[in-house]
Structure formats: C-alpha cells, structure tokens
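Colleague: Using the sequences provided together with the hints, build the complete structure.
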Amino acid sequence: MAVSEKIVDGFHFMPPSLRAWLSKDIPKEAFHGYIPWTPLKRPLKKTTFSLMTSAGISMKSDPPFDVKREIREPTWGDPTSRNIPRDASQEDIDVNHLHINTDYIKEDMNVILPLTRFKEFEEEGVIGRLAPTCYSFYGFQLNPKELLDQTMPGVASRMHRENVEAVLLTPA
Amino acid sequence: MTPDYSREVGIPRVAAIEYPYGRPVGEVNDVEGQRKVLLEALSVLEKAQAPGHVFDLPFTWPEDPKNTKWHPPKISPIVKLQLEEIKRAGAEARQKP
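In order, the protein sequence lines correspond to chains A and B.
With my numbering applied, the first sequence corresponds to residues 1 to 172, in that order.
With my numbering applied, the second sequence corresponds to residues 1 to 97, in that order.
Because the hints were derived from the structure by calculation, they are not lab data.
Beta carbons: idealized from backbone N, C-alpha and C, even for Gly.
Wrong hints could be hidden among the right ones.
Stated by the list, open to error - Okay, derived cross-link-like pairs now, EDC-like style, lysine to aspartate or glutamate, Cα gap no bigger than 16 Å in a straight line:
1. K24(A) with E8(B)
2. K45(A) with E46(B)
3. K24(A) with E92(B)
4. K6(A) with D56(B)
5. K28(A) with E8(B)
6. K74(B) with E107(A)
7. K24(A) with E63(B)
8. K24(A) with E85(B)
9. K69(B) with E124(A)
10. K46(A) with E27(B)
11. K106(A) with D56(B)
12. K41(A) with E46(B)
13. K69(B) with E5(A)
Unchecked claim - If you want the footprint, here are the derived chain B segments under chain A, 3+ residues with CB under 8 Å:
14. 12–23
15. 85–91
Modeller: What follows is the structure, given as structure tokens:
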C-alpha cells in the first residue's frame, strides 16, 4: 500500500448526502472537556494489551448481537458486549452489524480484530503479551447510557483482572 | 476512521486511518499490510504525550471510494428511517458555494 503524507478524511468513503447529514451533528468548535489520560507505564515490549472492536463480533457459542430488534426499532442498538478469547479462530466467530459489509470480517477477522497479528507481535517481542480476553460491542449507539453504565464496567473489571495496560480500539 | 467524531468525544489517543468502514486494519489476508498499520498505530502509544492527540496514519487505500464495497447489503434501519432528511442534507450541501 502506498505511504505518503496524509490528512485523514474520515468521510472519504461515504456518499456525499450521508456525509452532509452526519456532519451536522459534529460540533464545529474544538473539544474542551475532560479527556482521561493514563501514561504508558513501560515499553511496548513489556506492555499487556487487549483488543476491543465495535464490529458486532460474537462467539458462535454465545448469543449474537440483537439486530432483529434494531430492524423493528431503528434508533435502538444492542448495548451489550461479548468476550472474544485470544485464541478464537475464524470458524469460532459470528458477525452481526447492519451498518457495514461484514463479509470481509467473516473471511479474515484481523481486518478489524487483529488477534493473529497481536499474537505474532507477542511472539516477536514487539509487545509484552496479548491478554486472555478481547472484546466486541455493537457500534450503533444513539444513546450510549446503557452501554457505558451497565456493560463497560464489567469489561473494565475483566481487563483489570487480566492486568491489561493498553487497549487497541478498532471502530467498525 | 472518523477522527472528527473521535475528537469530539475526547479520546486519549487516536491513530486515524483513511480505510473503509469495517476494515480499519487493512485488506483481507494482507498480513504485511495489516502489520504495517498496527505497528504505526502502536507507535502512537509511545509518541502521544498528552490527551487528545490525533495522529494521521500515512496509508492510502488502493480502491476508489466508489468501488469500495463497505456498505451493508441492505440499507440500515436508521438510514431507511431518515432517508428524506439525508437527501435534504445532501441537497443543501450541494447548494453551498
């Protein structure tokens, strides 16, 4: 892939009308609120990572994300999360997401949940280790209250128990 | 992927990439391409020294947006519900100089 100086356009792939509609909700002024900040405690090669994506990935052994209710209630998005073990294989996972083409993730989950790449980095000493558990939630949340108040504390607790020090978040 | 949003919710560190929705790490089975993206993203952890920094990753997706099939096979429920509003927003944007 070509490498060059770049200013990322987040709407590059979006049809102009959708871009215009979504842009209306983004404040023009810069963000001045509180931003959490935890400095990196040690070099990457000693840091414990987890991965989390909003791609609607679940283990086939778990309930899928509830897209049927979203079809009935278009402003509702499933506020739950799923644990994805680090050794989950491509055959183990299901993907349910009504806002993207999920075919690519079903073929190679590393395009958004790079378990294999991070295990390679662990093996090569690029990172300390990949924690036992990674996570998915569902990236359509018009009202994220339940996601933040009910779901994410449990995710954070599990990360603490597994001594996670850094998380790569990959949006769908 | 949409750093405009990320800036506005106060994310500690952002590695922005101009890749299609659903594939922020790269193309299917492109091991080397995925590794390059992830190593750049990891480097942001070491480079970022203060909250709110956005680092634009230097990668270009090889397909034209019109040929990049990121869309769901069926129109999403919210877009279907808001279709008239979306068309109106698009028309207003086209009229602006």
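Colleague: Next step is simple, just say for each hint if it's right about the structure.
Modeller: Quick rundown of the hints versus the structure:
{"no.": "1", "hint": "K24(A) with E8(B)", "verdict": "holds (13 Å)"}
{"no.": "2", "hint": "K45(A) with E46(B)", "verdict": "holds (11 Å)"}
{"no.": "3", "hint": "K24(A) with E92(B)", "verdict": "holds (11 Å)"}
{"no.": "4", "hint": "K6(A) with D56(B)", "verdict": "holds (7 Å)"}
{"no.": "5", "hint": "K28(A) with E8(B)", "verdict": "holds (9 Å)"}
{"no.": "6", "hint": "K74(B) with E107(A)", "verdict": "violated (19 Å)"}
{"no.": "7", "hint": "K24(A) with E63(B)", "verdict": "violated (27 Å)"}
{"no.": "8", "hint": "K24(A) with E85(B)", "verdict": "holds (11 Å)"}
{"no.": "9", "hint": "K69(B) with E124(A)", "verdict": "violated (34 Å)"}
{"no.": "10", "hint": "K46(A) with E27(B)", "verdict": "violated (28 Å)"}
{"no.": "11", "hint": "K106(A) with D56(B)", "verdict": "violated (27 Å)"}
{"no.": "12", "hint": "K41(A) with E46(B)", "verdict": "holds (10 Å)"}
{"no.": "13", "hint": "K69(B) with E5(A)", "verdict": "violated (25 Å)"}
{"no.": "14", "hint": "12–23", "verdict": "holds (count 8)"}
{"no.": "15", "hint": "85–91", "verdict": "holds (count 6)"}
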